[in-house]
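Novice: These are the residues of each chain, in order.
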Amino acid sequence: MHRKNSLAWLIGGAQGSGVDSAANLFAKACAFGGLYVYGQREYYSNIMGEHSYYQVTVSDRPVRSVRSYTDILVSADAETVFLHALEVKPGGAILYDPKLAETPLSKVAALEHRAREDIHSYLQARGLPETMSGMLHDAQARGIQLYPVPYDELLHQMMGEKAPQLAQAKRIANAMAVAASCALVGYDIKLLERALEDIFFGKKKVIELNLRACELAYEYIGKHFARDFPITLEPIVANESRIYVTGYQATALGKLTAGCSMQTYYPISPATDESVYLEAHQIFERRGEQGAIVVVQVEDEIAAITMATGAALAGARAATSTSGPGFSLMVEGLGWAGINEVPVVITLYQRGSPSTGMPTRHEQGDLRFVLHAGHGEFPRIVLASGDLEECFYDAIRAFNYAERYQLPVIHLLDKSLASSSQTHPAFDPQRAHIDRGLLNSSAVGESYKRFAYTETGISPRTVLGTPGGIFWNTGDEHDELGHITEDPIERIRMMDKRAKKLEIAAREIPLSEKINIFGDPASELIILSWGSPKGAILDALEALWAEKRSVCFVQCRLLSPLPSDDLRKLLERAKRRVCIENNYSGQFAGLVREQTGIAMDHLIVKFNGRPITMDEVYQSVKEILLGTAPRRMVLTHGA
Amino acid sequence: MARKPQDFKTPVHNNWCPGCGDFGILNAVQMALAELDLEPHRVVIFSGIGCSGKTPHYINTYGIHTLHGRVLPYATGAKLANPDLTVIAVGGDGDGLGIGAGHFVNAGRRNLDITYILHNNGVYGLTKGQASPTLKLGVQTKSLPQPNINQGVNPLFLALAAGYTFIARSYAYDTRHLVTIIKQAIAHNGSAFIDVLQPCPTYNDINTREWYSGEDRKDPQTGRAIPRVYKVEEQGYDPLIKPGMSDAEIAAKLTRFIEKALEWGERIPLGILLKNETVPSYEERILERIPFYRETPPARQRISDAQGRPTLDLAKLLEELKVT
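Protein sequence lines, in the order shown, are assigned to chains E and X.
Note that my numbering numbers the first sequence so that position 466 is 466, with each residue one more than the last.
If you count the second sequence from 1, you need to add 639 to reach my numbering.
Source of the hints: derived by calculation from the structure; they are not laboratory data.
This structure is a prediction, so every number in the text was calculated from the model and none was measured.
Don't take every hint at face value.
Below 25 Å or equal to it, Euclidean Cα-Cα: the simulated DSS-like pairs (lysine-lysine) are [to be verified]:
| no. | chain 1 | residue 1 | chain 2 | residue 2 |
| --- | --- | --- | --- | --- |
| 1 | X | 870 | X | 892 |
| 2 | E | 203 | X | 955 |
| 3 | E | 204 | E | 162 |
| 4 | X | 648 | E | 449 |
| 5 | X | 892 | E | 449 |
| 6 | X | 914 | X | 822 |
| 7 | E | 203 | X | 961 |
| 8 | X | 775 | X | 870 |
| 9 | X | 955 | E | 204 |
Bound conformation, chain E alone (with noise of 0.2 Å):
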């Protein structure tokens, strides 16, 4: 059966061989073509020699999250093929090196205990052999077409002698592998030879050299293998200008946009990507003048907190950004913020947790822990993004948020979207506003009180430096002025005037910016969320849409406040509703609970590490449909 611009393609091989850079390629080079991308990297808490995989969907509509399958397989080593192989549909094809075609699964040393296990007895169960081979001759038998391309022999044609070394041939093999990708299903090499271009830009020797290789590997699929592969891509016309960008910069750039002029930073991953990137891009143009932003590496995340609590008590607009650990030592930070009431925006990129749980891999592990982290009470905004759009716009809405009600806000992402890839629309500057809440940067007078009391509890507020402005802070509970008090009375009103600033807040901000609604919510189903998930909701959704199923999403962003009020009003209404979720317990289900009292009917949760796919949503909820699904379902899907 022909399809037509719709793939799913995997490249997988060891970390640090050009998995990633093989990917990018393909992605670009599809992009380039006016097809709408998605990407997403898995890697090992590793620099070198761990498998690692990348995963990108091709689509004439826009697509936002990975499939449970491949169309294409491109595997850069055996390892590939024996943890891959199972995901390839029926129809699909696998790219390989026939060179490593009788690798022994014995000698794959790195693959990880349980899945050396699990592929020992699948294929002893087939009694097929314990090699590479033994596998694909498995896939083949499941109606996959196979395709060994002996990259070394073509490079050596090429080359002769000059052939390069191994690290350096394993990259051009990998970028070979993309141009056979692309020959498989008919795709202009000329959008390959335009993404080359792109990501060696100026590099006019590198260009050339694989740009040679992948003419090779191109014709080498044309002159010997039939034309017959059932999926072709074809380049459409885009008629808006797009851009291809990744979760950490959609956020850096939203924080630029922001205006955004001191980041700190510790070293952890996911996170440390966006302040890398911030640091590469530190001086741009803003309208009549030149713009910087000043990245501090520092010792630990307690200095990167109060060190941009710091920058934020100046005037600068502040942020600093991290992943659960670091997060964790942020945490008495958070509260002398609270207390003092001080702008500063925290960036956290949710990983596989507890502890160091696992560096790499994605998880939605922190909502509880952010909206309680700290000892005591203060009033704290939390917003999380389900997409590169909202990384940036939420991005941008987090400093308002935090200027205006002046407290700390908490932009809660994760290491899915970090390190996924989007093609989308470029961002526009004109829909963004900045709004500095009540700042006064000049003199105020001799009875100015930094903390004076008013009706919404927000008072004006000044920063070092301005003349007749002069204030305290302290950690400790403080009078309008910010001097030391222990007064039962004044501490009531201390803390009232606090907790009033969220109040307002929750009136104040607007439902857009709260909930987003897909679909009718009379819907028979109503599937709640938070987060990166979203990408895959609504993938399936338009599946289940087409089948004419009655589903309606509806997707939290601001998670403290949280809208209560209204999520009750959705939820009541529905028939049935199911919660998803990356994380163990639910931890968004139970908190609507909480405070709407109102319980879901099922729950889907997946916490193995990996990002949910489309294909599990769609799966998953049909179930819930048919009546057939148990309360709490586990997704497991990932290698």
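Guided by the hints, dock chain X onto chain E, whose structure is given.
Specialist: What follows is chain X alone, placed relative to chain E:
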């Protein structure tokens, strides 16, 4: 002189113990600010936790009483965001060399233009006298059930190793000397560290005012006490390392510093022990990356126009990500 120490006082009730060395440091800071004629709104005093943590509340400048051990990163953030501020950090020895030791070391590595005053009294006063990181091994102050089991850290050595380019020691009860040192520390372009020896009249019954003054060792002839503390400048000690000096000259300076830093017990040196002008400040290092950092530091970036629209030229940044 336009300003008086009185101008830097607040009406806040001071609740330190009578005779506390903190008073001497507080007065010295206020006098130094007045003598330097600094505008109060351009000065920020940061503090950590403990008795010394209350210092900012008694000073009429911006005053930020931070968390235990974190005074330096807070101060660093403010100074980086607005380098025009005069930033002074104060904190106890437990705050700076115990819970905050990592920040003490890393602030030295940066050499940012701030002044850090260490209230060094050998005990955790506010929690009732536990041993602090500077208390010597085997010493048993009043509250300790047993003699101190740890070695005392040498703040001067640590400051040198960390990279502070101005290292001095003074004494809380010699306000005049301390004022001179604080003024020079503020004037120094780089991280300035002042180790202030400070008796805790309530909990440190070993390193008392009388001990520092040598009341226990009177000159048999004159009957006068022979103070343990003495001033290096009175002995012709020259702390300056300046550009153009040979490696041998610098090595000689550092050797002298180490000799002084090692002195303790019978003779305790006070004064500026190191002033190194050969290391670029953090501001200078940032200027290499961001040439207009001085004019528009983070706190003074024009981030939006009158309508609240971002001023960033985003299109330029998106250029490298563009695919169609």
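Novice: For every hint, state whether the structure bears it out.
Specialist: The hints, checked one at a time:
1. X:870 - X:892: Between residue 870 of chain X and residue 892 of chain X the Cα gap is close to 17 Å, so the pair holds against 25 Å.
2. E:203 - X:955: It holds: about 22 Å lies between the C-alpha atoms, which stays within 25 Å.
3. E:204 - E:162: holds, 18 Å
4. X:648 - E:449: holds, 17 Å
5. X:892 - E:449: violated, 49 Å
6. X:914 - X:822: holds, 14 Å
7. E:203 - X:961: Satisfied, since the Cα-Cα distance of roughly 19 Å is no more than 25 Å.
8. X:775 - X:870: With Cα atoms ~22 Å apart, residue 775 of chain X and residue 870 of chain X stay inside 25 Å; holds.
9. X:955 - E:204: Cα-Cα ~24 Å, so holds.
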